[in-house]
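Peer 1: Based on the sequences and whatever the hints tell you, model everything.
Protein chains in written order, with the working numbering: chain D, 4 to 283; chain W, 10 to 286.
Rather than coming from a laboratory, the hints here were simulated on the basis of the structure. Please read these numbers as outputs of a predicted model, since none were measured by experiment. You may find that some hints are simply not true.
To be verified - Just a few of them, taken from the derived set where beta-carbon distance is under 10 Å, the chain W residues facing chain D:
#	residue
1	ARG25
2	ARG63
3	ASP64
4	GLN65
5	LEU84
6	GLU135
7	ARG138
8	PRO142
9	ILE218
10	GLU219
11	ASN234
12	ASN244
Ideal Cβ placement from N, Cα and C applies to all residues, glycine included.
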Amino acid sequence: MKLSPSVLDLDLSEIESRITRFIKIYVENAGVNGIVVGLSGGIDSGTIAALSSRAIGGETVLGLLLPEKETYNPKDIEDAKFVAEKFGLQTQICDITPTLEAFYKTIPIFNSADRLCKGNIKARTRMIYLYYYANKLNRIVCGSSDKSETMMGYFTKWGDVAADISPIMDLYKTQVRKLATHLGFPAELAEKPSTPALWPDQFAETELGIKYETLDLILYGFERFMTTEDITQQLNIERPLVEKVKSRWLSAEHKRRVLLSPKLGYRTVGTDFRLPRNAF
Amino acid sequence: MKEKVKIALAQISSKRENKKENLKKIEKFTLKAQGQGADLVIFPELSLTSYVVRDQLYELAEKIPGPSTKIVEGLAKKTGVHIIFGMPELSEKTKATIFNTAVLMGPKGFIGKYRKMYLPTHSVFEEKRYFRPGYQTAAFETPIGNIGLCICYDVFFPEVFRLTRLMGAQLMVVISASPAVRRSYFEILTAARALENTAFLAYVNLVGIEEGLQFWGGSRLVNPNGDVIAKAKYNDEDLVICEVDYNDMRAAETFIPTLRDLRPELFDKLKKQSELL
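Peer 2: Following this line, the structure appears as structure tokens:
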């Protein structure tokens with residue numbers, strides 16, 4: 004197999020159809036009234052909002068905008084509203100700043116300089132708002148994690164990844180961008196740099212130290228059982244970069260699995276209690 | 010024996026773990042197929058229970074004969090239609106040994122069954138965890154032709170179909186639960202198995218979503234030249250009535266004489282080499 008950008012090409016109409024079918028059937032079988040999505044103004048959440056809307060109708064999809072003062076960016080609000088209007092979603096804005104400040108004040112060991120710990124509070128607080136609305140309105144939370152960040156462990160445990168379904172988790176970031184374009188997003192939005200918005204001026208590619216175009220090909224190579232050496236040679240890049248991606252991918256497995264427990268019983272939850280899920 | 014046989018490809022989704030509902034659907038589709046003159050109606054792999062039932066298989070599996078096969082047998086007798094469907098079969102001799110089985114019922118009752126030989130246990134599949142493989146290919150002489158039974162992943166193993174054909178099968182029936190990412194493989198292989206054996210092949214796939222698996226449907230009848238002569242929708246339930254004319258096999262066998270050209274000595278070599286792999 005030759006690792007070139009074309010390996011990431013998809014039949015986008017088919018992918019749209021499969022994802023919308025997945026969402027629609029899940030919502031029907033779960034017996035809920037609709038979907039809640041967190042609308043950050045980014046392309047992953049915008050794509051999920053669009054797909055959800057096409058799957059079950061925008062009137063039953065609520066986009067929650069959850070800004071806070073440190074990472075507040077009017078462009079993100081504008082982009083989120085554009086998506087909501089284009090795809091007919093309902094929206095609600097909740098400023099989560101007071102909630103965050105309450106956490107900061109009431110955690111005795113809180114240290115504002117530790118931006119990762121602080122940022123994770125933001126991701127988890129957004130999750131609490133999403134689930135409040137989902138519980139209250141008898142809906143499910145539709146997550147917007149993509150395959151690139153999930154493989155890299157580039158998410159907050161119990162935070163942005165927390166959801167009932169995650170319909171684009173098997174698409175790499177560059178594939179999500181193509182799908183967004185296919186769905187009618189303008190280029191400016193489809194190519195908008197990703198940020199988890201945990202602190203100001205945080206950008207995914209800067210933090211990961213690699214462009215998504217390269218990262219996705221490396222991850223695709225690992226997905227297809229290629230060796231580090233083959234990937235390095237085919238992409239003509241430095242081996243340490245491929246090794247770093249591989250190491251990060253493997254070391255984040257704990258973030259992707261259900262909780263680990265020592266095996267004590269006959270059948271154990273998460274290990275050999277193998278049951279089908281309810282809604283399918 | 011009839012030379013022209015009407016077949017119904019009953020491409021259904023199954024309700025998870027709900028044998029009662031699934032038997033109702035089997036009845037509904039059979040009655041509809043009967044109304045359209047079908048001699049044989051074919052349902053997908055594990056259509057009695059749905060495919061992804063995991064540990065619940067131990068509760069769902071039944072012996073043959075058993076409560077569910079008796080219901081389907083009654084339906085075949087009542088309608089005069091042959092019925093093929095898939096179910097988890099509990100061994101007659103043990104308490105929890107299960108086979109992934111295709112059952113053939115006729116208007117006079119039970120005709121035969123086939124226990125899946127190749128159980129996929131890779132990627133998203135975990136069949137060997139639950140099922141014991143079968144050890145026999147199956148072809149049954151019936152008033153509507155000699156019918157061979159195969160299941161899903163078997164299609165990757167030409168020897169299963171060759172043996173089924175050599176046992177006399179004119180119509181090789183493949184019941185399946187194939188998820189969407191594998192569609193192209195099945196579209197190629199079903200045509201290949203029909204062509205290389207110069208026999209008819211009816212492929213009936215599940216639809217619906219179970220866990221993250223989206224079964225793609227696309228059920229089809231392939232003629233002995235490898236042409237798809239009838240095809241069901243992708244992804245949605247469908248009932249397609251099509252016709253097999255066994256007379257077509259003569260021309261195909263003449264034009265593509267693969268059975269005449271069989272080299273039995275290669276099978277000995279195949280056995281030896283596969284043991285050395």
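Peer 1: Run every hint past the structure and note whether it holds.
Peer 2: Against the structure, the hints come out as follows:
Because the smallest distance between the Cβ of W:ARG25 and any Cβ of chain D comes to about 6 Å, under 10 Å, the interface hint for this residue holds. Taken as an interface hint, W:ARG63 checks out: its beta carbon lies about 4 Å from the nearest beta carbon of chain D, inside 10 Å. Given hint, W:ASP64 at the interface with chain D, holds; its Cβ is 5 Å from that chain's nearest Cβ, closer than 10 Å. Contact between W:GLN65 and chain D, as hinted, is supported at the beta carbon level, the nearest pair being about 7 Å apart and thus within 10 Å.
The beta carbon of W:LEU84 comes no nearer than 27 Å to any beta carbon in chain D, farther than 10 Å, and the hint placing it at the interface is violated. With a least beta-carbon distance of about 8 Å to chain D, the hint placing W:GLU135 at the interface is held under the 10 Å criterion. About 8 Å separates the beta-carbon of W:ARG138 from the nearest beta-carbon of chain D, less than 10 Å, and the hint is met. Annotation: interface hint on W:PRO142 violated; nearest CB of chain D at approximately 20 Å, more than 10 Å.
Hint status for W:ILE218 relative to chain D: holds, with the closest Cβ pair at about 5 Å, below 10 Å. A least Cβ separation of about 5 Å between W:GLU219 and chain D falls short of the 10 Å threshold, and the interface hint therefore holds. Annotation: W:ASN234 was flagged as interfacial toward chain D, and the flag is violated, the nearest CB pair being 28 Å apart, outside 10 Å. Look at W:ASN244: its Cβ gets to within about 7 Å of chain D, closer than 10 Å, so that hint holds up.
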